[in-house]
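Asks: Each chain, written out:
Protein chains: 2
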Amino acid sequence: MKIAVCQSNPIIGDIKGNKEKILAGYKRAVSENAELVVFPELFLCGYPPLDLVEKKEFRGAVNKASLEIATQTNNTALLFGTITEDYEDSIGTGVYNSAVLCYDGKIQFVQSKTLIPNYDVFDEVRYFESAKDVFVHEFNGEKLGISVCEDIWNDADYWKHRRYTVDPIQKLIDNKAEILINISASPYAYGKRKERYEMLKRLTKDDKVPLIYTCCVGAQTELIFDGGSMCLNSDGGLCLLGKNFEEDFFIYDTKKNYPSVENVEASFEEEVLKALIMALKDYAVKTGFKKALVGLSGGIDSALVTYIAAQAFGKENVHVIMMPSKYSSEGSVEDSRKLIQNLGISSDKISIQSVVDKALEMLRPAFNGKGDDVTEENMQSRIRGLYLMSLANKHGYLLCTTGNKSEIATGYATLYGDMCGAVSVIGDVYKTQVYGICNYINRNEEIIPKEIIIKVPSAELRPNQTDQDSLPPYDLLDRILKMYLEEQKEYDEISEAVREPETVRKVLRLVDMNEFKRKQSAPVLRVSTKAFGYGRRYPIVQGWRR
Amino acid sequence: MKIAVCQSNPIIGDIKGNKEKILAGYKRAVSENAELVVFPELFLCGYPPLDLVEKKEFRGAVNKASLEIATQTNNTALLFGTITEDYEDSIGTGVYNSAVLCYDGKIQFVQSKTLIPNYDVFDEVRYFESAKDVFVHEFNGEKLGISVCEDIWNDADYWKHRRYTVDPIQKLIDNKAEILINISASPYAYGKRKERYEMLKRLTKDDKVPLIYTCCVGAQTELIFDGGSMCLNSDGGLCLLGKNFEEDFFIYDTKKNYPSVENVEASFEEEVLKALIMALKDYAVKTGFKKALVGLSGGIDSALVTYIAAQAFGKENVHVIMMPSKYSSEGSVEDSRKLIQNLGISSDKISIQSVVDKALEMLRPAFNGKGDDVTEENMQSRIRGLYLMSLANKHGYLLCTTGNKSEIATGYATLYGDMCGAVSVIGDVYKTQVYGICNYINRNEEIIPKEIIIKVPSAELRPNQTDQDSLPPYDLLDRILKMYLEEQKEYDEISEAVREPETVRKVLRLVDMNEFKRKQSAPVLRVSTKAFGYGRRYPIVQGWRR
Numbered sequence: 001m002k003i004a005v006c007q008s009n010p011i012i013g014d015i016k017g018n019k020e021k022i023l024a025g026y027k028r029a030v031s032e033n034a035e036l037v038v039f040p041e042l043f044l045c046g047y048p049p050l051d052l053v054e055k056k057e058f059r060g061a062v063n064k065a066s067l068e069i070a071t072q073t074n075n076t077a078l079l080f081g082t083i084t085e086d087y088e089d090s091i092g093t094g095v096y097n098s099a100v101l102c103y104d105g106k107i108q109f110v111q112s113k114t115l116i117p118n119y120d121v122f123d124e125v126r127y128f129e130s131a132k133d134v135f136v137h138e139f140n141g142e143k144l145g146i147s148v149c150e151d152i153w154n155d156a157d158y159w160k161h162r163r164y165t166v167d168p169i170q171k172l173i174d175n176k177a178e179i180l181i182n183i184s185a186s187p188y189a190y191g192k193r194k195e196r197y198e199m200l201k202r203l204t205k206d207d208k209v210p211l212i213y214t215c216c217v218g219a220q221t222e223l224i225f226d227g228g229s230m231c232l233n234s235d236g237g238l239c240l241l242g243k244n245f246e247e248d249f250f251i252y253d254t255k256k257n258y259p260s261v262e263n264v265e266a267s268f269e270e271e272v273l274k275a276l277i278m279a280l281k282d283y284a285v286k287t288g289f290k291k292a293l294v295g296l297s298g299g300i301d302s303a304l305v306t307y308i309a310a311q312a313f314g315k316e317n318v319h320v321i322m323m324p325s326k327y328s329s330e331g332s333v334e335d336s337r338k339l340i341q342n343l344g345i346s347s348d349k350i351s352i353q354s355v356v357d358k359a360l361e362m363l364r365p366a367f368n369g370k371g372d373d374v375t376e377e378n379m380q381s382r383i384r385g386l387y388l389m390s391l392a393n394k395h396g397y398l399l400c401t402t403g404n405k406s407e408i409a410t411g412y413a414t415l416y417g418d419m420c421g422a423v424s425v426i427g428d429v430y431k432t433q434v435y436g437i438c439n440y441i442n443r444n445e446e447i448i449p450k451e452i453i454i455k456v457p458s459a460e461l462r463p464n465q466t467d468q469d470s471l472p473p474y475d476l477l478d479r480i481l482k483m484y485l486e487e488q489k490e491y492d493e494i495s496e497a498v499r500e501p502e503t504v505r506k507v508l509r510l511v512d513m514n515e516f517k518r519k520q521s522a523p524v525l526r527v528s529t530k531a532f533g534y535g536r537r538y539p540i541v542q543g544w545r546r
Numbered sequence: 001m002k003i004a005v006c007q008s009n010p011i012i013g014d015i016k017g018n019k020e021k022i023l024a025g026y027k028r029a030v031s032e033n034a035e036l037v038v039f040p041e042l043f044l045c046g047y048p049p050l051d052l053v054e055k056k057e058f059r060g061a062v063n064k065a066s067l068e069i070a071t072q073t074n075n076t077a078l079l080f081g082t083i084t085e086d087y088e089d090s091i092g093t094g095v096y097n098s099a100v101l102c103y104d105g106k107i108q109f110v111q112s113k114t115l116i117p118n119y120d121v122f123d124e125v126r127y128f129e130s131a132k133d134v135f136v137h138e139f140n141g142e143k144l145g146i147s148v149c150e151d152i153w154n155d156a157d158y159w160k161h162r163r164y165t166v167d168p169i170q171k172l173i174d175n176k177a178e179i180l181i182n183i184s185a186s187p188y189a190y191g192k193r194k195e196r197y198e199m200l201k202r203l204t205k206d207d208k209v210p211l212i213y214t215c216c217v218g219a220q221t222e223l224i225f226d227g228g229s230m231c232l233n234s235d236g237g238l239c240l241l242g243k244n245f246e247e248d249f250f251i252y253d254t255k256k257n258y259p260s261v262e263n264v265e266a267s268f269e270e271e272v273l274k275a276l277i278m279a280l281k282d283y284a285v286k287t288g289f290k291k292a293l294v295g296l297s298g299g300i301d302s303a304l305v306t307y308i309a310a311q312a313f314g315k316e317n318v319h320v321i322m323m324p325s326k327y328s329s330e331g332s333v334e335d336s337r338k339l340i341q342n343l344g345i346s347s348d349k350i351s352i353q354s355v356v357d358k359a360l361e362m363l364r365p366a367f368n369g370k371g372d373d374v375t376e377e378n379m380q381s382r383i384r385g386l387y388l389m390s391l392a393n394k395h396g397y398l399l400c401t402t403g404n405k406s407e408i409a410t411g412y413a414t415l416y417g418d419m420c421g422a423v424s425v426i427g428d429v430y431k432t433q434v435y436g437i438c439n440y441i442n443r444n445e446e447i448i449p450k451e452i453i454i455k456v457p458s459a460e461l462r463p464n465q466t467d468q469d470s471l472p473p474y475d476l477l478d479r480i481l482k483m484y485l486e487e488q489k490e491y492d493e494i495s496e497a498v499r500e501p502e503t504v505r506k507v508l509r510l511v512d513m514n515e516f517k518r519k520q521s522a523p524v525l526r527v528s529t530k531a532f533g534y535g536r537r538y539p540i541v542q543g544w545r546r
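One line per chain: the protein sequences are L and X, in this order.
356 is the number that the working numbering gives to position 356 of the first sequence; each next residue is one higher, with no gaps.
56 is the number that the working numbering gives to position 56 of the second sequence; each next residue is one higher, with no gaps.
It is worth saying that the hints were derived from the structure and are not from the lab.
Any given hint might turn out to be false.
Note that identical chains are pooled: a pair holds if it fits in a single copy or bridges any two copies.
[What the hints assert, rightly or not] Only pairs whose alpha carbons sit at most 30 Å apart, straight line, appear in this in silico DSBU-like list of lysine-lysine:
#	residue 1	residue 2
1	K171	K2
2	K55	K326
3	K56	K517
4	K489	K64
5	K358	K2
6	K201	K106
7	K243	K489
8	K517	K208
9	K194	K55
10	K208	K370
11	K326	K358
12	K326	K176
13	K255	K482
14	K106	K358
15	K506	K194
16	K519	K160
17	K255	K16
18	K517	K358
19	K171	K455
20	K171	K55
21	K315	K176
22	K519	K506
23	K482	K55
24	K517	K16
25	K519	K192
26	K56	K192
27	K315	K143
28	K338	K64
29	K64	K455
30	K132	K489
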């Protein structure tokens, strides 16, 4: 069977636009003689639609569009993800996350999702009931085994620990499915594409069926979808792999032989850089922003964010401000100028000192004679935030925040100061990884000035300050954080691994007590298996102590 | 049977403190000859523990404390809510939300929660498996039917639309339960206590069994628990009702007759005021803040928040700042002074004008000759935010934000300006309700100056500005918002009800497009069935249009 894979980028809620994408993909596939055209999970409404699903008006519009799409089909079949409803037994939400198969002008078959994920960034039990049953559907003489995303992630042979008792794919196999088709919206994290491939390889090899895995691409606020759709033959060979971080369209013929694709994943630096550029671009495209603004401190974080913005928006659409104070080193402005020149972007330099001084003068009496502390440091950061937001408001810039994951984890950031902005671009990238990515950017020529890369990290909020006055060395810090956040390790294990129990205790405590800041942070673009934001939920007020 | 109801206030994660509360309540109950002592749902770890449940170290500490508690019991039984684990079938989380019954030094019986709520503010499927079965347990010659919170909310006779197919309470009845005991952590919303009562009345009357409903009290970040534990006899009569918004301890004797309690709920104004005072106080107590700070504008919102803060912290612990600009009316400061006097709190008056002027002077060149717009208004608000945060940092104040629900809904607030703060005190109270509560506060004497109540609402960010330049009249606005947010009504229904389709369209659009601001808002204390925050989840980037 000739199957067209439409690896497209939907906009959540834009039913009209997504419908047009489906019809355009279908038309192209028909003209290229495909027998079946496949779009990803919940493509018609975009994934994840979140509480939009609870709106009757929204579900009505989605259903209407589904039916309209079906009327446009001929004898080439079209499979796409959408919301369906069934209130027959009047218990539960009555709403399903479904794959809808249309041909000859009608919806001919619906297979709803059986396994409803409800962990990390997934909240699907909030909206969707589990499919009542699983069937194969015969089309053009082949038994299609259709499933939706999570359905394929519960193979008893692959997983040591399973989330669900049911295995809908096994049911499809038992029902003699000859081609497996899975429509997905699988959020990106570095390493996940390889895991998908390993899992699908095992599954197709064991079950001796080819599989078409169609995934969406693009970013939806903080969630990144990398594409990388996969077609595997019945020996577990990867025949076709969709592009990463861009839309793609290709046709897989289950009867043809293909050379095996070997490389599914590039280096961390290459992948994550591409992911962040696409995600920032997509945020802008989907919200209508044309220009970006970054506060350039002279440090490596804002340098990387500026580079990413220049790639996402085009250099002519990126503006930066340098905002020195009396604590800023000469080097900071000089190094920033070099970067500005290398990238070919526009800039302003506006000192914050006179505004800081004026604000201090006004507030001094109310400080009641108390000496300098973190207040004065935060004030500098907040006046920079004020500058940035003022220019963003005046010129319609999208303001990018520049904090990295190590800082956000430990609360080494000022609320309403350097945390101001619409998107936290590198908030899921550790400081040590920031260095790695900058070195990768410089692999052929020096784009990020080496002065910025080699300087000692400092917030420059008081004389001779360095990050390491307050934090452990980043190598150690990031090692601890990664174990704690991504690997879900706890105090004992981490202490044993790094052999610095007091540092570990301090770091874990910093992470736990800074929930209140992260609650008010901009959405963090997610590139790891555990990012701050939607998929990580801790009480702000809590008394858990080790 | 003599049953002691311990309506207590746990701290999430403070296993040691919560354990001590359980043991103290048990000791008291034993000394008062109770046969059974009951604590609320997940009391040992606090509710909702959120992702703390995913920490092995945390679960281990909880389990250890459970066993330690059990060893302290004699022939008086102790029932409390905690996390239990069972990894027997190695599928799923293996973690349960359980009621644990101890006596004679041991855990004698465990009944886990069957119905796992996963809607609005509930995410329990993320953590907990459903109980494998439901049993009664005989103690002192009576068959106890024990259940946890949601288990009791699925009565087929009471609910037109049910969430779950299973009814664990029916199973308990079928198993001949003679006393029903439900341990709960049921978040407050105005109207909910009455609903609980109606539902429990129906259930006990139909099933002819008495019921002891034990609920926790206190606030956990944004969630408020009102207490109001209930003991009903087998005729559906409400025999005992726990205090609202405070801890309580009482003993119910299933063999005694009680006069029926009739009033379970006070007026909206009285209830919500009490709820907010308790919640703000609890936030402070549980995080260690001793003093509060409010920016006093002369408007009604900040007046109400200041009143609430004075009640929660004590007048000697509340400080306010008046921060006039050139657009502030004479009246604003005068009216604020009256309130300050009425409440007996301390204050500062610090003009923002010179800082605004200085910042404008510095930024002007970068404005590129563009005329005044919302930028200049936001700058005033942000400099006020800077002042507030600076004083909060310097003196360790808890900063209370003052935005009401009508403003937050429509985005009529400045990010990093008036939205600065740790807690959004009245963010779930509509503007029209703010008036109602202020009038209630003034029922005996004028505490909130009447000038503040009768003045035309204005942000005072430009000459002669009023809220109604940008927003529909609050009566109409709040009616639309309530239908849209709480009643889940959609455009067609709301338009038909209020007969102003264009206004409805505009308001709904404002709500939808201001998700990005709310993402970065302080936690909103929840007093309605649908508050902004944890229980309402919309994509920030989305294209849904009516």
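Asks: Which of the numbered hints are not met once you compare them with the structure shown?
Replies: 2, 5, 6, 7, 8, 10, 12, 13, 14, 15, 16, 17, 19, 20, 21, 27, 28 and 29
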